[in-house]
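J.: Input sequences plus hints: build the corresponding full structure.
Residue numbers (the numbering used here): 743 to 1322.
Keep in mind that a hint or two might mislead.
[To be verified] List of simulated lysine-lysine pairs, PhoX-like, C-alpha gap at most 20 Å:
id, residue 1, residue 2
1, Lys868, Lys895
2, Lys931, Lys849
3, Lys904, Lys948
4, Lys867, Lys849
5, Lys1258, Lys1240
6, Lys748, Lys1056
7, Lys837, Lys904
8, Lys1318, Lys1287
9, Lys864, Lys885
10, Lys948, Lys906
11, Lys837, Lys867
12, Lys868, Lys810
13, Lys868, Lys906
14, Lys882, Lys895
15, Lys749, Lys1056
16, Lys1318, Lys1240
17, Lys810, Lys859
18, Lys864, Lys895
Treat the hints as calculated values from the structure; they're not laboratory data.
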Amino acid sequence: MNKKFKKNPYGVSDFEIIRKDNYYYVDKTRFIEEVENTSRYLFFIRPRRFGKSLWLSLMEQYYDINKKEDFEKLFKGLYIYTHATEERNSYLILKFNFSEVNPDLNKVEHSFNQVIKSTCLKFIKKYREYLDDNDGEMYKTIKDLQEGSIILKYLTDFVEGKEKIYLLIDEYDNFTNTIISSTGSEQYKAITHGEGFFRHFFNVIKAGTTGGPISKLFITGVSPVTLNDVTSGFNIGYNITTGPKFNEMTGFTETELREMLSYYNNIMKDDVENLLTLMRGWYNNYLFSEDKETRMYNSDMALYFINQYIEMNKLPKEMLDYNIRTDYKKLKYLIVTDRKGLLRVNGNFEKLKLILEEGQITANIVSSFPVERVIDPENFISLLYYFGLLTIKDSYYGKPILTIPNEVIKQLYYEYIREGYSDTEVFNIDLYKLGNFFDEMAYNGRWEGLFTYLTEEMNKQSSIRDYIEGERSIQTFFRVYLNVSNYYITRTEYELNKGYCDILLLPNLYQYRDIKYSYLIELKYLTREGNLEEKVKNAREKLSKYGSDEGLRKMLGDTEIIKLILVFSGIELKYKEVIA
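T.: Below you can see the structure in the form of structure tokens.
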């Protein structure tokens, strides 16, 4: 990259490195005032890769008593530099990162204890002059201790009366979520309930906040499940997750993203507004408070896009960051259950399908629930919200209406359904072969091969019959497999000429500018009592109406549109027709 430009901070979550090594930084320091004015002990949930670690790193640098001399270097030019609070650089920072804990059941407790010990030893070295430990007694004692909760208890007892601690915990539920997803709730409960080591650790934190040296506490994670289980019996603090003041604390607003794209505009040669239009559909639309209107972009996704563009000097072919895909694969346990070695989709799988079919769901957002209640309908929906798989769209009679936020998350839903079918042997297909059919569709206008292949496989693999019944269900099934290819962006129930088409395959012209064909599909379902001729007549009328939409031509570029009627009865393709 040209030296005159700040480096893109994709993958960098260390605030000090960003500021000292000339990375671009979106200024979030104004939220420091909001945090100080809220409560002493705070808990903050955001989806994976949404800027939580960078926020904690910012707090660490701002409040660290050892960083007084670096304040100007780190914060000059930012909001907080001219609005510094009285608490600036006045704490000893004790920061744990639980993503470092090995979640292997045979190693997790030892690994947890080692993370606690290593962090506490670094803390003592860093603040020795404030702790009156010149003879190293405290350091030697902690080095000999083996249990994390005992180590923390000894440290807080030693610090009490000397200085104030600001305790920061990043990814508090990282290893516990992995345990739930890989081995099940019983093993998870062994460490978070009763005499479990993680629960005991939080009991020590509680003691440190009630008359002890832990003056302030800030915890981040992706779900409220573990906090409910390890803090049952006392209120560890205030949950600011859905607070309107903190909606924009992590992630990017569109204004912030536009400023960044404008900054790199000489490198990223596409028009800023065109780039925003593309990114808006893929990365935007997160809303974390019912009392706010500002939609947020996932910061990791946006930075990934910019990084790929700068590296390749063109738009990325893959809009979905591999790291995001890998993180979300861990959540598959929510829909696939292992019953005595046999994998089966559970009731949550049907809820995912329902959300895809309806486009939204109405449910209260539950602020806290234990692991054994995760599969309860409202809790499961809430968990999808916390994980970023659903977001607030609107409200209905006081209840939030939740919807899939963007194309990235929609693709993840499709992957969950495909892999749920595959893992449980409900339906398996050759995705490589499917990809070849998409080549033919996109560049040669040959669509029959793909639909013939899918319907033949549906009839061969009869297990899929139990999951497809009715028009919405058959439409969802095909959408799941039409999203295998990057050639098209699938739109369903898309408004065209005052009507709503079943499926619109929009050409991905930003990435594949040479695509020749696009598709408008009326996909109908024929019941036993249904009349095929009426279905076909209705589909023809709708396709003619949708095809004359004034805005459609612009979205299709120079591609030739194929208007296609497909009529199913059960899983059999009864009728197919291309209309002019």
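J.: Now tell me, hint by hint, if it's right for this structure.
T.: Verification of the hints:
1. With a CA separation close to 19 Å, the supplied pair Lys868 and Lys895 stays within the 20 Å bound.
2. For the hint pairing Lys931 with Lys849, the CA-to-CA distance comes to about 16 Å; that is within 20 Å, so the pair holds.
3. Simply put, Lys904 and Lys948 have alpha-carbon atoms about 19 Å apart, close enough for the 20 Å limit, and the pair holds.
4. For the given pair, Lys867 sits about 27 Å from Lys849 by alpha-carbon distance, which is inconsistent with the 20 Å threshold.
5. In summary, the hint linking Lys1258 to Lys1240 is not supported, as the alpha carbons are separated by about 27 Å, beyond the 20 Å threshold.
6. For a cut-off of 20 Å, the pair hint linking Lys748 to Lys1056 stands: about 19 Å separates their Cα positions.
7. Distance hint between Lys837 and Lys904 is fulfilled; the C-alpha atoms sit about 18 Å from each other, no more than 20 Å.
8. For the hint pairing Lys1318 with Lys1287, the CA-to-CA distance comes to about 19 Å; that is within 20 Å, so the pair holds.
9. The suggested pairing of Lys864 with Lys885 holds, with an alpha-carbon distance near 11 Å, which does not exceed 20 Å.
10. With a C-alpha separation of about 15 Å, the suggested pair Lys948 and Lys906 falls inside the 20 Å cut-off, and the hint holds.
11. A hinted pair counts as satisfied when its Cα atoms are at most 20 Å apart, and Lys837 with Lys867 qualifies at roughly 14 Å.
12. For the hint pairing Lys868 with Lys810, the CA-to-CA distance comes to about 14 Å; that is within 20 Å, so the pair holds.
13. A distance of roughly 14 Å separates the Cα atoms of Lys868 and Lys906; the hinted pair therefore holds under the 20 Å criterion.
14. For the proposed pair Lys882 and Lys895, the alpha carbon gap of about 15 Å is at most 20 Å, so the pair holds.
15. Pair hint Lys749 plus Lys1056 holds up; C-alpha atoms about 17 Å apart against a cutoff of 20 Å.
16. Under the criterion of a C-alpha separation no larger than 20 Å, the hint pairing Lys1318 with Lys1240 is inconsistent with the structure, at around 25 Å.
17. Taking the CA atoms of Lys810 and Lys859, the gap is near 26 Å; set against the 20 Å cutoff, the hint is violated.
18. Between Lys864 and Lys895 the alpha-carbon distance is near 16 Å, which keeps this suggested pair within the 20 Å criterion.
Taken one by one, the earlier hints fail for this structure at numbers 4, 5, 16 and 17, listed in ascending order.
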